[in-house]
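Residue numbers (my numbering), protein chains in the order written: chain R, 1 to 271; chain G, 1 to 271.
What the hints contain is simulated information worked out from the structure, not anything from laboratory work.
Note that CB positions come from ideal geometry on N, CA and C, so glycine has one too.
Check each hint, because a few of them may be wrong.
Below, in silico cross-link-like pairs of lysine-lysine (BS3-like), each with a Cα-Cα straight-line distance of 30 Å or less [stated by the list, open to error]:
| no. | chain 1 | residue 1 | chain 2 | residue 2 |
| --- | --- | --- | --- | --- |
| 1 | R | Lys50 | G | Lys50 |
| 2 | R | Lys50 | G | Lys71 |
| 3 | G | Lys213 | R | Lys50 |
| 4 | G | Lys120 | R | Lys16 |
| 5 | G | Lys120 | G | Lys169 |
| 6 | R | Lys120 | G | Lys16 |
| 7 | R | Lys16 | G | Lys213 |
Residues of chain R placed beyond 10 Å of chain G at every Cβ, according to the derived structure [claimed, not checked]:
| no. | residue |
| --- | --- |
| 8 | Ser19 |
| 9 | Arg144 |
| 10 | Ala163 |
| 11 | Gln178 |
Only part of the chain G face toward chain R is listed, based on derived beta-carbon distances under 8 Å [claimed, not checked]:
| no. | residue |
| --- | --- |
| 12 | Arg55 |
| 13 | Gly56 |
| 14 | Ala193 |
| 15 | Arg196 |
| 16 | Val201 |
| 17 | Ala203 |
| 18 | Asp217 |
| 19 | Phe230 |
| 20 | Val253 |
| 21 | Asp254 |
| 22 | Val258 |
For reference, the chains in residue letters:
There are 2 protein chains.
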Amino acid sequence: MPDPMYRQIAEDLRQKIESGDLGHGDQLPTELELREQYDASRNTVRDAMKWLITRGLIETRPGQGTFVVGKIDPYVTILTGDPAKGGDEEGPVYVKGLRELGQGGQRMPTSSAPRVEIQKAGGAGAEELQVGSGTTVVSRHQQRYIDDTPWSLQTSFYPIALAAQGAGKLLEVDNINQGAVEYLRQEIGLKQAGYRDTITVRAPNTGEAAFFKLPDDGRVAVFEVRRTAFDDHGKPFRLTVSVYPTDRNQFAVDVGEVPPQPVTPEPKPSG
Amino acid sequence: MPDPMYRQIAEDLRQKIESGDLGHGDQLPTELELREQYDASRNTVRDAMKWLITRGLIETRPGQGTFVVGKIDPYVTILTGDPAKGGDEEGPVYVKGLRELGQGGQRMPTSSAPRVEIQKAGGAGAEELQVGSGTTVVSRHQQRYIDDTPWSLQTSFYPIALAAQGAGKLLEVDNINQGAVEYLRQEIGLKQAGYRDTITVRAPNTGEAAFFKLPDDGRVAVFEVRRTAFDDHGKPFRLTVSVYPTDRNQFAVDVGEVPPQPVTPEPKPSG
DNA sequence: GGGTATTTGTCCGTATGTATT
DNA sequence: AAATACATACGGACAAATACC
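Use the sequences and the hints to build the structure in full.
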């Protein structure tokens, strides 16, 4: 038995897109035109559209039409940095296409002023800090941009004890210019000996979808990177949770000796 | 203006799920029952279902009903290993829940015999090897399992010159027991000085969806990890492309000194 | 194994609302 | 204001998968 009709229509359009017959940004025929081309009802054509939308191949714009999605030059974040520094907190970001900048395509992210909150460490967020439930932590939440486009949402958690020990800037609603890790080293001699990142993918919540301007049908997932930082006694003192849309970000991990070239050419989905 | 009706229905059901009113694996009312509860048409109820399905909250089973998705203990792959070894090719994998094994929750993946092909390095896959277009490469493709469940699809590319220089096993349809990286070191003195991983997320192709038994509506994306390995002259000699479903996998990256504990343990009574 | 009821999947038609040009 | 195009919502019909007797 053949596939359902909406799948056949979707596969036919997919083939047209991947063969280059329909290029990035091109407009598809309207739903009514497709209804005639494939001799199906408009609802069936729309089912095919939804199948293609889920796969990120097309997008619809009410009042305008349906379009092949444009290609995005992904941002590349290198997760392996100097353990004595923050890591991705102030690190550079590379752009794969490197069209706009002559060489290297390096960018610096900018951050909003942090929203600082004092919270109880419930089961909700900060198990990695290994403080008991009910202990007080400081959370510092920031919105991060590259070239004025939303790039990531980031929240760092610190035990309140650090502020009491002299790191008062943790409680201030200002960016810490030299970076929080360097500040903690200077101020109270806390050395970051290493960190562990865990990388997961999930659907965005409503706030994230709004900030990143993601379509509200939830088809674009987000990376969640949780960085637990340890001092030289192996004790965790910082948890940073960063969220990035998966459609315009990728990560790089360097182990051992790796030549300096910033990134490798793009991967391609195989048929 | 209020949200569309299908969104209101979806949000109401989402709240019931996230509040625990409906637990993992529980069955939802049938579409006809929901149609009466919300005084909507069956198609509108189904639109609400689709919204929840896209977000991974529920799943439908034809002939049975609609269910809250069960919780999955994710596999954790550590990307930062010994640069002189393969990395994740033979490395252990950790399971977060660690319920089934007493301690640590460590698992070893098993691999199918490789499918070995000789290919021209076209634009398709292996730009990272920095061989000219038209150069011949060996590809070794494997299916990898953990506890007999499909875990990843992996393809490694090597310049054909390595086989000519004495590493003949690269052309054989057998697993290389000691690992390809160790084999290349022993046989032709090729030392892996380091590697770079790039991590992206994309929709699965049909073969991947079939192997991983992913729903064919494409809502579950896959990780694509591309590992380029370099010798001690900084020359790439291996590209390994691994694909993992995002719904049951996560990655860890260790930088600097990180305490040994494999993953963040769930708070458990010591007994 | 067969038959039947239940439940979701596909497909159709139509009407009306909303966003854009 | 009008035309166009997609979004939402309704209704109905039949098919396919599953469970149960």
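Hints, one by one, checked against the model:
no., hint, result
1, R:Lys50 <-> G:Lys50, "holds, 10 Å"
2, R:Lys50 <-> G:Lys71, "holds, 27 Å"
3, G:Lys213 <-> R:Lys50, "holds, 21 Å"
4, G:Lys120 <-> R:Lys16, "holds, 25 Å"
5, G:Lys120 <-> G:Lys169, "holds, 19 Å"
6, R:Lys120 <-> G:Lys16, "holds, 26 Å"
7, R:Lys16 <-> G:Lys213, "holds, 26 Å"
8, Ser19, "holds, 14 Å"
9, Arg144, "holds, 19 Å"
10, Ala163, "holds, 24 Å"
11, Gln178, "holds, 19 Å"
12, Arg55, "holds, 4 Å"
13, Gly56, "holds, 6 Å"
14, Ala193, "holds, 4 Å"
15, Arg196, "holds, 5 Å"
16, Val201, "holds, 4 Å"
17, Ala203, "holds, 4 Å"
18, Asp217, "holds, 6 Å"
19, Phe230, "holds, 6 Å"
20, Val253, "holds, 4 Å"
21, Asp254, "holds, 5 Å"
22, Val258, "holds, 5 Å"
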